[in-house]
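Chains F and U are the protein sequences, given in the same order. Residue 22 is where the first sequence starts when you use my numbering, and the numbers rise one by one after that. Residue 200 is where the second sequence starts when you use my numbering, and the numbers rise one by one after that.
Please note: incorrect hints may appear among the correct ones.
[To be verified] Straight-line C-alpha distance at most 35 Å; calculated DSBU-like pairs for lysine-lysine: (1) F:K78 x U:K267; (2) F:K35 x F:K78; (3) F:K92 x U:K251; (4) U:K276 x F:K92; (5) F:K92 x F:K78; (6) U:K255 x F:K78.
[As the list claims (entries may be wrong)] Okay, the calculated bits of chain U under chain F, using three or more residues with CB under 8 Å as the criterion: (7) 212 to 220; (8) 237 to 243; (9) 263 to 276.
[Stated by the list, open to error] Estimated spans, in silico, between C-beta atoms of each pair: (10) U:A216 x F:A103: 26 to 32 Å; (11) F:Q93 x U:P239: 36 to 42 Å; (12) U:S282 x F:P104: 45 to 51 Å.
Calculated directly from the structure, the hints in this document are not laboratory data. Cβ coordinates follow ideal geometry from the N, Cα and C atoms, glycine included.
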Amino acid sequence: NAGVTQTPKFRVLKTGQSMTLLCAQDMNHEYMYWYRQDPGMGLRLIHYSVGEGTTAKGEVPDGYNVSRLKKQNFLLGLESAAPSQTSVYFCASSYSIRDRGSYEQYFGPGTRLTVT
Amino acid sequence: GDSVTQMEGPVTLSEEAFLTINCTYTATGYPSLFWYVQYPGEGLQLLLKATKADDKGSNKGFEATYRKETTSFHLEKGSVQVSDSAVYFCALSDRGNTGFQKLVFGTGTRLLVSP
């Protein structure tokens with residue numbers, strides 16, 4: 022049971038380049054999330070998904086797109102990277118409230134992205 | 200919207216000292232409250248939680264009590280160890296307008312424990 026995994030762990034991009042971050046979970050969780058972590062700002066929700074084939078915007082969605090084609094995977098895309106997107110990105114997953122009645126998220130180890 | 204306020208860090212302690220990290224929240228309704236811990240180079244891990252007023256969450260010697268009257272969820276440990284050095288995040292679950300519950304995090308408090 023690997024939990025939540027993220028690839029890659031590190032990446033350096035030039036401004037304008039694109040990339041996709043992959044998140045995978047093996048806990049059969051319904052919900053998945055992408056956060057970014059910046060110094061002094063805690064974690065901010067970028068996009069989330071409440072099930073296969075559905076996605077929604079979080080707090081800071083601009084400049085990012087996501088897809089959830091399979092229940093276990095959640096992809097985060099940057100179409101044209103900007104220096105402001107330099108951050109640490111975390112993926113998380115959770116059961117739905119109706120399934121478990123509680124609400125806790127399981128996090129991946131993070132991806133450190135630098136945009137120059 | 201809902202929000203979480205944590206004390207600024209870093210908090211620097213000697214081993215075996217008593218720890219308190221303050222957390223207060225603003226919320227409509229009755230959120231669940233959480234403490235997450237992030238060890239260097241790792242993702243966040245749930246440390247403890249409380250789902251209703253007066254509940255006490257506890258794990259690994261850490262405790263926090265959900266105080267509705269003071270809107271607080273302070274983290275405490277009686278005797279810290281060097282291995283407790285990490286960043287601690289307070290969070291609440293927020294149902295929001297869509298009915299979907301999401302976590303709202305504080306900015307995190309770094310704890311440094313020296314031998």
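How the hints compare with the structure:
For the proposed pair K78 (chain F) and K267 (chain U), the alpha carbon gap of about 30 Å is at most 35 Å, so the pair holds. Distance hint between K35 (chain F) and K78 (chain F) is fulfilled; the C-alpha atoms sit about 25 Å from each other, no more than 35 Å. With a CA separation close to 31 Å, the supplied pair K92 (chain F) and K251 (chain U) stays within the 35 Å bound. Under the criterion of a C-alpha separation no larger than 35 Å, the hint pairing K276 (chain U) with K92 (chain F) is inconsistent with the structure, at around 38 Å.
The straight-line distance between the Cα atoms of K92 (chain F) and K78 (chain F) is roughly 18 Å, inside the 35 Å bound, and the hint therefore holds. Distance hint between K255 (chain U) and K78 (chain F) is fulfilled; the C-alpha atoms sit about 33 Å from each other, no more than 35 Å. Against chain F, the region 212 to 220 of chain U contributes 0 residues with a C-beta closer than 8 Å to a partner C-beta. That does not satisfy the three-residue criterion, and the hint is violated. Given as covered by chain F, the region 237 to 243 of chain U passes the check, having 4 residues with a CB less than 8 Å from a CB of that chain where 3 are the minimum.
With a cut-off of 8 Å between beta carbons, the region 263 to 276 of chain U has 0 residues touching chain F; three or more are needed, and the interface restraint is violated. Taking 26 to 32 Å as the suggested C-beta distance range, the pair A216 (chain U) and A103 (chain F) does not conform, at roughly 43 Å. For the hinted restraint 36 to 42 Å between Q93 (chain F) and P239 (chain U), the CB-CB distance of approximately 28 Å leaves it violated. A hinted range of 45 to 51 Å is violated for the C-beta pair S282 (chain U) and P104 (chain F), which are about 36 Å apart.
This entry does not satisfy hints 4, 7, 9, 10, 11 and 12, going by the numbered hints stated previously.
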